[in-house]
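Protein chains: 4
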Amino acid sequence: MDIGFIGLGEMGVAMVQNMLKAGHTVRVWNRSPQRAEPLAAAGARVVSSPAEAFSGDAVFSMLADDAALRAVIDAQLLEHAPRGLIHVNMATISVALAEELAHAHALRGLHYVAAPVLGRPDVAAAGKLTIVAGGPAEAIDRVQPVFDVIGQKTWRIGSLPQQANVMKLAANFMLAAAVETLGEAASLVTGHGVAMQDFLDVITAGLFPGPVYQGYGKMIAERRYEPALFKARLGLKDVRLALAAADAVSTPLPVASVVRDSLIEAIAHGDGEKDFAVLGQVSARRAGR
Amino acid sequence: MDIGFIGLGEMGVAMVQNMLKAGHTVRVWNRSPQRAEPLAAAGARVVSSPAEAFSGDAVFSMLADDAALRAVIDAQLLEHAPRGLIHVNMATISVALAEELAHAHALRGLHYVAAPVLGRPDVAAAGKLTIVAGGPAEAIDRVQPVFDVIGQKTWRIGSLPQQANVMKLAANFMLAAAVETLGEAASLVTGHGVAMQDFLDVITAGLFPGPVYQGYGKMIAERRYEPALFKARLGLKDVRLALAAADAVSTPLPVASVVRDSLIEAIAHGDGEKDFAVLGQVSARRAGR
Amino acid sequence: MDIGFIGLGEMGVAMVQNMLKAGHTVRVWNRSPQRAEPLAAAGARVVSSPAEAFSGDAVFSMLADDAALRAVIDAQLLEHAPRGLIHVNMATISVALAEELAHAHALRGLHYVAAPVLGRPDVAAAGKLTIVAGGPAEAIDRVQPVFDVIGQKTWRIGSLPQQANVMKLAANFMLAAAVETLGEAASLVTGHGVAMQDFLDVITAGLFPGPVYQGYGKMIAERRYEPALFKARLGLKDVRLALAAADAVSTPLPVASVVRDSLIEAIAHGDGEKDFAVLGQVSARRAGR
Amino acid sequence: MDIGFIGLGEMGVAMVQNMLKAGHTVRVWNRSPQRAEPLAAAGARVVSSPAEAFSGDAVFSMLADDAALRAVIDAQLLEHAPRGLIHVNMATISVALAEELAHAHALRGLHYVAAPVLGRPDVAAAGKLTIVAGGPAEAIDRVQPVFDVIGQKTWRIGSLPQQANVMKLAANFMLAAAVETLGEAASLVTGHGVAMQDFLDVITAGLFPGPVYQGYGKMIAERRYEPALFKARLGLKDVRLALAAADAVSTPLPVASVVRDSLIEAIAHGDGEKDFAVLGQVSARRAGR
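Chains as they are written, first to last, in our numbering: chain A, 1 to 289; chain R, 1001 to 1289; chain V, 2001 to 2289; chain W, 3001 to 3289.
What the hints contain is simulated information worked out from the structure, not anything from laboratory work.
We put the beta carbon where it would ideally sit given N, CA and C, even for glycine.
Just so you know, not all the hints are guaranteed correct.
So these bits of chain R aren't anywhere near chain W, every CB distance computed over 10 Å [stated by the list, open to error]:
| # | residue |
| --- | --- |
| 1 | Ala-1040 |
| 2 | Asp-1074 |
| 3 | Val-1123 |
| 4 | Asp-1247 |
| 5 | Ser-1262 |
Below, computed lysine-lysine pairings styled on BS3-like, alpha-carbon distance capped at 27 Å [what the hints assert, rightly or not]:
| # | chain 1 | residue 1 | chain 2 | residue 2 |
| --- | --- | --- | --- | --- |
| 6 | V | Lys-2153 | V | Lys-2237 |
| 7 | V | Lys-2218 | V | Lys-2128 |
| 8 | W | Lys-3237 | W | Lys-3128 |
| 9 | V | Lys-2128 | V | Lys-2153 |
| 10 | R | Lys-1021 | R | Lys-1128 |
| 11 | V | Lys-2153 | W | Lys-3218 |
| 12 | R | Lys-1231 | R | Lys-1218 |
| 13 | V | Lys-2218 | W | Lys-3153 |
| 14 | R | Lys-1153 | R | Lys-1128 |
| 15 | W | Lys-3218 | W | Lys-3237 |
| 16 | W | Lys-3231 | W | Lys-3128 |
| 17 | R | Lys-1218 | A | Lys-153 |
| 18 | R | Lys-1237 | W | Lys-3237 |
| 19 | A | Lys-237 | V | Lys-2218 |
| 20 | V | Lys-2237 | V | Lys-2218 |
| 21 | R | Lys-1153 | A | Lys-218 |
| 22 | W | Lys-3218 | W | Lys-3021 |
| 23 | A | Lys-21 | A | Lys-128 |
Input sequences plus hints: build the corresponding full structure.
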């Protein structure tokens, strides 16, 4: 396929590499052009404007947040895009913006697919992402071959793109809540002289298997929050988005409110670039330890 | 072994049956004696006072809560118990009472082992409980053969009995927090028209495998909270105990505070006897659904 | 003085009336022009564009929220305004927008004063508002005579306009927290058979005199939330802004998080247009009453 | 009147002094007898057992907490007390214990009046306490002359003694919530460069007059938490009791949960003996300041 790709952060680069390996033609664009160089060496065609990427069979975007997206995907860009183009937005953005973009694309005869991913850069590099796709079924059908080279599984959520964003935000909220809870439990057990690793061994053997409790639990047990797999700053961004999405449908999320406060506290102590397992540190500090 | 057993609720009965099957002699006592009848038929010796149970090689107790325990295990009972007797308390009680009991037993030359269990009655019946044991190593060594017939795994936590109780309460706190979070996530996704079961499929396939998210998630997705596997009323009891144990070591647990408030709200709406997945109902009601 | 006035809600109308009574010339503009009619009868000059209001000695604006303000006060309007014009924005807006506006005005040689007010329409009508003013001292000096006819007291906060907005939002956060607390206390005392009015009599006689506890407390005691003096919907708007202002300086506000959740719950139950004393209803409902 | 008095803390001593000044006969008892010496000099008769105090027309008690009360007021003491004796308990105790004591006294033909007070030792010394009395009207009538010399106002709440305790706990909960809110607001405004004292001036001039906001606000503005007028440790005790009283009637108090967590955090940082305005410090620390 002839694919445009906008946004070459760690995740974007890994996705493009897998697209190239699978034989797709990829026109790449990034605000800082040097990020594109290694991809050029691997066969990507580097273009000099988002508009040049916004063409072909489909264009994928993976930008940092709502602001970055608004700075690139504007009315003019959509106006000049070829009718029928499919835009697959893989970033974690607000539900409100996803809704707005779906509408703006439809008005101009473009297809908008929201396809946020679960998984970190190492998972992206291995082509093992979990993709949560929302939007018109025919559009998703057409890009499914591309999804198959960057992810191991695509979940189709519904015909409204923003529903995929809701799903992603809810998943990240659950992740954040689990890490906050682990941090609090660590403070409780260590306060009574029990080693956090012993506690982890017990709960991950039965109630809570899986990568979240084991991975973040270990970081908390060892009080080692670097290198960051998922930064506290980004965790806070997603919790804010989950709260906003919930607010939009008049739904209180009291646990998310607690996690938000804890993440703000982490940022206030200069820990925004650390892994968001640093929530364990927030809890320990509150207990004076 | 010659074993006494005090407290014949569902869990106690299942444990005694496994002890009998393994060939142990068991003297059983319960406040309501009719609970002992089926066990008598299976070979247990029914005694008419706690004191008669409080003898032999070891005595196990599985009473409902702190109050029930205090009503049975008093100074007089300990005074008349044979020196060197091992008392294994398998109930989920407060850390403060565990500490007090450890001290009271030691004063009278008795051994006190705290061995709270993870697992519900069906797990107990299958002899597959997870046992978290705290107390003097030699005492635990001596009762280990009994643990092996009622549980599939014994975790030894430390020499202070109350540390096993802390572990159990921390595990139940994590459970309660996971269920509360599931309930909130359900309100978020369904508020945007996404089916909870679809969301569950995504998260249990990757981030959150295991019985907790699948089991409680399903109840929440189906809004079906009966029959109760773990009652909201008992969940609240354990969260209160976790908060008290944390308070005793000056540790705030903000997520536990949120869960406590939600469980109280469930009780206030008459749902105390339902499964504590009814936290999903609490969240839905707050969102006006 | 020759004054422009933009935004003729209840508050704006009351302010303009007092300006007219004091002999000022007022050019008024509102999106729905019929709101201007009664003022025309009282001597105001009705203009047909914001730009016509944006001239003279000073222009005052009192628009509903950030979105309404952004829709009216745009780059073009500022570009064409006469240099040296003072813009006094009396609305409760976000700290971020206040900062942005201060910057945008300064760039074009205009003076920006933030002067949010404490007080409801009846207080505005009586010319008894409390004005919290932030911005350049000389600009405030020049509009002080106008402040003196719409308010009984002007507090000068600092030279940064947004500091006045912070102050207003913090005051409204305190108000919301007091009402939430009253609601919870009402549930506690009535749950034990004590009349809320008896409780109110005790606390307002000593600890908590003043209009907030008496006024909102009475509404809660009588479970009567209409007519609304301050709507729950607007209370939520302000709590959201307070949380955002706090987030911007990495400050958790856990009580504000709780109040936000409660107000969302009120909205979810269709009570957004009721007085925000309806927080008492939220608390009562949670307790099953 | 012939009065017994049990518990000679700061509050108790001040009350007894006022009783003596008014001409009453007072038999005093305290666990540490040296606390009684200055009162003996002022005319009190020092007795050597609680039982000797538990006689005459009425006995007043002012003990620190539930545990201290249980240690002194036991079944034997009540058994030997003269029938018809009125016991006025002025301490802030749990609602559950108040209910239990009311029952235990009634069984033995004794009258139990709960009369917790609002006011600190300096207010007690001036005879200006606010008394919140619950219990049988005739019993309160008989001790009213004594109330009149230790307090400036007696509020009669109802015929159930524990209702007076609920009232007191609800009042202290409101106090704690106001101080927590002040602390959070201080972090918000100072985070934006606004002086807390300026903010206080604005809110106490209008919305929030009265001693609570002015007094605690000033301590927070000056970040000066000693000498303590009301210790954080005691504030936490009362918030715990309010939460327990609410739990007993299935009422969630989310703001109280937040305040409890903050007070625990203060204790964890060694600030339990400081004034509970130290909640301002907790909030500042969370914001990294």
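Now the hints, each set against the structure:
Consistency note on R:Ala-1040: stated as away from chain W, and its beta-carbon is indeed over 10 Å from all of that chain's, at 38 Å minimum. Non-interface status of R:Asp-1074 relative to chain W is upheld: no Cβ of that chain comes within 10 Å, the nearest being about 16 Å off. For R:Val-1123, the condition that its CB be more than 10 Å from all CB atoms of chain W holds, with the nearest at approximately 30 Å. R:Asp-1247, annotated as away from the interface, has a beta carbon of chain W within 10 Å; the closest lies near 6 Å.
The claim that R:Ser-1262 lies off the interface is violated: its Cβ sits roughly 8 Å from the closest Cβ of chain W, which falls inside the 10 Å cut-off. Taken as a hint, the V:Lys-2153 and V:Lys-2237 pair is honoured in the structure, with Cα atoms around 25 Å apart against an allowance of 27 Å. A distance of roughly 23 Å separates the Cα atoms of V:Lys-2218 and V:Lys-2128; the hinted pair therefore holds under the 27 Å criterion. The hinted pair formed by W:Lys-3237 and W:Lys-3128 meets the criterion: a straight-line CA distance of about 24 Å does not exceed 27 Å.
For the given pair, V:Lys-2128 sits about 8 Å from V:Lys-2153 by alpha-carbon distance, which is consistent with the 27 Å threshold. For the hint linking R:Lys-1021 to R:Lys-1128, the alpha-carbon distance of about 14 Å falls within 27 Å, and the restraint holds. With a CA separation close to 22 Å, the supplied pair V:Lys-2153 and W:Lys-3218 stays within the 27 Å bound. Proximity of R:Lys-1231 to R:Lys-1218 is assessed by CA-CA distance (about 16 Å); at most 27 Å being required, the pair is judged to hold.
For a cut-off of 27 Å, the pair hint linking V:Lys-2218 to W:Lys-3153 stands: about 22 Å separates their Cα positions. Taking the CA atoms of R:Lys-1153 and R:Lys-1128, the gap is about 8 Å. The hint holds against a cut of 27 Å. Taken as a hint, the W:Lys-3218 and W:Lys-3237 pair is honoured in the structure, with Cα atoms around 24 Å apart against an allowance of 27 Å. Annotation: proposed proximity of W:Lys-3231 to W:Lys-3128 holds, straight-line Cα distance about 21 Å (limit 27 Å).
Between R:Lys-1218 and A:Lys-153 the alpha-carbon distance is near 22 Å, which keeps this suggested pair within the 27 Å criterion. Between R:Lys-1237 and W:Lys-3237, the direct Cα distance comes to roughly 20 Å. Compliance with the 27 Å bound is thereby established for this hinted pair. For the suggested pair A:Lys-237 and V:Lys-2218, the alpha carbons sit about 40 Å apart, so the restraint of at most 27 Å is broken. Taking the CA atoms of V:Lys-2237 and V:Lys-2218, the gap is near 24 Å; set against the 27 Å cutoff, the hint holds.
Straight-line distance between C-alpha atoms of R:Lys-1153 and A:Lys-218 comes to about 22 Å, which keeps the hinted pair within the 27 Å bound. Annotation: proposed proximity of W:Lys-3218 to W:Lys-3021 is violated, straight-line Cα distance about 35 Å (limit 27 Å). Using a Cα cut-off of 27 Å, the hinted pair A:Lys-21 and A:Lys-128 holds, with the two alpha carbons roughly 14 Å apart.
Hints 4, 5, 19, 22, counting from the list given before, are not met by this structure.
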